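Q: Chains as they are written, first to last, in the working numbering: chain A, 1 to 335; chain B, 1001 to 1279.
Worth flagging that the hints you see were computed from the coordinates, not collected in a lab. This one's a predicted model, so the numbers in the text were calculated from it and none came from an experiment. Be aware that a few hints might be false.
Each computed EDC-like pair below joins lysine to aspartate or glutamate, with the alpha-carbon atoms no more than 16 Å apart [said to hold, decoys possible]: (1) B:K1106 to A:D212; (2) B:K1010 to B:D1195; (3) B:K1227 to B:E1258; (4) B:K1010 to B:E1271; (5) B:K1106 to A:E302; (6) B:K1106 to B:D1135.
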Amino acid sequence: MSAPAPSMFSPAAIEMIQQLGLKQGRANLEEFATALEELAAADRDVVAVTSDSRGSGKLGPFGQRFPDQLIEVGIAEQNLVGVTAGLAACGKKSFGVSPACFLTIRSLEQIKNDICYSNVPATVVGISAGVSYGALGSTHHSLHDLAALRAINNMAIVAPADNFETREAVRAAAAADRPVYLRFGKAKMYDLHDADASFEIGKATVLREGNDVALLGTGETVVHCLLAAAKLAESGLNCRVLSVPTVKPLDEDAILAAGRACRAIVTAEEHSVHGGLGEAVAAVLMQAGVFVPLTIRGIPDEDTVTGAQADIFRHYGLTMEGLVEAATLQLQKLC
Amino acid sequence: MLATDDLRLKTIQLRRLTLQSIMTAGAGHTGGSLSCLDILAVLYNRVLNVSPQRPDDPGRDRYVQSKGHSVEALYAVLAERGFFPAAELETLCRYQSPFVGHPTRKIPGIEMNTGALGHGLPICVGMALAGKLDDAPWRVFTLLGDGELAEGSNWEAAMSAAHHRLDNLTAILDHNTLQITGPTRDVCSNEPVDDKFRAFGWHVETVDGHDLDVLEKVLSAANPAGKPKLVIANTTKGRGVSFMEGVLKWHHGVPSDEEFAAAMAEFDAAEATLRGADQ
Ligand SMILES: Cc1ncc(C[n+]2csc(CCOP(=O)(O)OP(=O)(O)O)c2C)c(N)n1
Ligand SMILES: [Mg+2]
Chain A
1 MSAPAPSMFS
11 PAAIEMIQQL
21 GLKQGRANLE
31 EFATALEELA
41 AADRDVVAVT
51 SDSRGSGKLG
61 PFGQRFPDQL
71 IEVGIAEQNL
81 VGVTAGLAAC
91 GKKSFGVSPA
101 CFLTIRSLEQ
111 IKNDICYSNV
121 PATVVGISAG
131 VSYGALGSTH
141 HSLHDLAALR
151 AINNMAIVAP
161 ADNFETREAV
171 RAAAAADRPV
181 YLRFGKAKMY
191 DLHDADASFE
201 IGKATVLREG
211 NDVALLGTGE
221 TVVHCLLAAA
231 KLAESGLNCR
241 VLSVPTVKPL
251 DEDAILAAGR
261 ACRAIVTAEE
271 HSVHGGLGEA
281 VAAVLMQAGV
291 FVPLTIRGIP
301 DEDTVTGAQA
311 DIFRHYGLTM
321 EGLVEAATLQ
331 LQKLC
Chain B
1001 MLATDDLRLK
1011 TIQLRRLTLQ
1021 SIMTAGAGHT
1031 GGSLSCLDIL
1041 AVLYNRVLNV
1051 SPQRPDDPGR
1061 DRYVQSKGHS
1071 VEALYAVLAE
1081 RGFFPAAELE
1091 TLCRYQSPFV
1101 GHPTRKIPGI
1111 EMNTGALGHG
1121 LPICVGMALA
1131 GKLDDAPWRV
1141 FTLLGDGELA
1151 EGSNWEAAMS
1161 AAHHRLDNLT
1171 AILDHNTLQI
1181 TGPTRDVCSN
1191 EPVDDKFRAF
1201 GWHVETVDGH
1211 DLDVLEKVLS
1221 AANPAGKPKL
1231 VIANTTKGRG
1241 VSFMEGVLKW
1251 HHGVPSDEEF
1261 AAAMAEFDAA
1271 EATLRGADQ
């Protein structure tokens, strides 16, 4: 018998989820596949490119419904990105879909030159990003992708936190006249947005108001930021929570507003602490002269601890408890 | 009993251990582990000059598993050879376990961290060149998947291996004809593989990848002078468990309790047959 998969949510976190009334949606991966299928149904120019990855990308049904709009290149990610670029250069709304780990490092030169330098409106979709493939080891982790792609001009980087952000990001990417990188995992996500929410590439969303600590997350860490803020409220602290799906271009206004209003900032990302959301936020704040204490929570520069995604989140303090601790430590230092 | 029957019995036990570790972990690459298991058993028991007592011996043969996802078979074979206790495999994929779902050098006997496809052959070209530079007699082996061959890095390495006349290098192709999405011929055909490698300047042999005698012979034999060798091992994905053989979903399928019991029963029956035939 196999042991049950570890969870990122402690019993206390699950209680908080219930208190906040958060509803569990599906995996962003599935939301992505549905959104892409809808786009493909309406527009024959929407084309997916896969590298033996259609199963992992939940695009099996897409391929059956639109066999002409799914191009399979085999296990060849560099070829996949080149092909995606070529399609985009000839008017197709191309989506190259492959595990983020291979897509964004093996094919980095194709992303840099064929998509970004040539500046064609292609979308590359990094599935099972971060440490989604936890126990498969570091070959299968993408903890470098935000850093690598942030340093390549023309690229927009979007890591949606829930199904709403995913759906909107896929639509925005198809409509965008520029290269876009979408990045998400395969875990089921909680719905974090109200029905009247809006989404725009380059904009962050304030999910919770407060002026004590601002918790800024991107992608799969955002829910943990929200839970941590709710937990901190039990100690009388009002914490702001920002979902920052677009890591580039950053929503500088929202970040500066948080930095000016709050006593400390904690960023959380499923990425190396180097070169991702945290450092991007720090750069915005410091260059604007907003000197607010800041903690970057992410995966440190070491051999990543082994285990499932949930184990890794817990180990590095990316869960509710870890983020509460990070915020509390910052406030203690201020006293 | 023939020497090969001994090894044949061992491969049954290794299949048990492979499936057991996948069950305990609740994850694993079942089909590809079972397709390459006979190859690994022959390599580690009959061909490679490696020793669990001296896993770092500079004179050892090198094996790099390019199709790293089939690590469960490699773990089983290494454990059985005594590189580490088989009981340690119970921690596979657990928090803080050194046994992750792809090969890493944290495990005694494993040469290189692999798992992203298309890396083994270039690494082995480097190793084989190092051996040549040192005038060393040791040999270099890698195991490739047939789907994996779509990665261009293989062809870059194939070209350089022939160019550098690396006759101390042997690549084995686990030619099970399936990958994740479907048959390799439908996903992105690489056929005819033999002619392609020959055109690149390799010596190519095609064998039954489950015939232990034939495998031993072809893998032990020295390469023709100045030529890298490709052994195309025709295999069956999921080999040894009737309901897994040639069935796509077992690429990374994990058996249910019932399926696990059924597989174990098949192994028991295979063992009884083998022992019976021997009497
Ligand atoms: C660079 C890279 N791309 C994709 C994968 C994901 N992946 C793991 S196994 C596999 C299929 C491998 O097929 P094949 O090489 O035929 O191996 P086998 O049939 O022996 O399992 C894929 C696509 C990977 N591990 N590395
Ligand atoms: Mg195969």
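Q: Take the C-alpha atoms of B:K1106 and A:D212, compute the straight-line distance between them, and say whether it is at most 16 Å.
A: This hinted pair is violated, its Cα atoms lying about 44 Å apart.
Q: Has the given pair, B:K1106 with B:D1135, been kept, meaning a C-alpha gap of at most 16 Å?
A: violated (28 Å)
Q: So if I understand the rule, the pair passes when the alpha-carbon distance is 16 Å or less; does B:K1227 with B:E1258 pass?
A: Status violated; Cα separation ~48 Å.
Q: Check the hint pairing B:K1010 with B:E1271 against an upper bound of 16 Å on the C-alpha distance.
A: holds (10 Å)
Q: Tell me if the straight-line CA distance from B:K1010 to B:D1195 falls inside 16 Å.
A: Violated, because 34 Å separates the two Cα atoms, which is more than 16 Å.
Q: Mind checking the alpha carbons of B:K1106 and A:E302 for me, to see if they're no more than 16 Å apart?
A: holds (15 Å)
When held up to the earlier numbered hints, the structure conflicts with 1, 2, 3 and 6 and fits the remainder.
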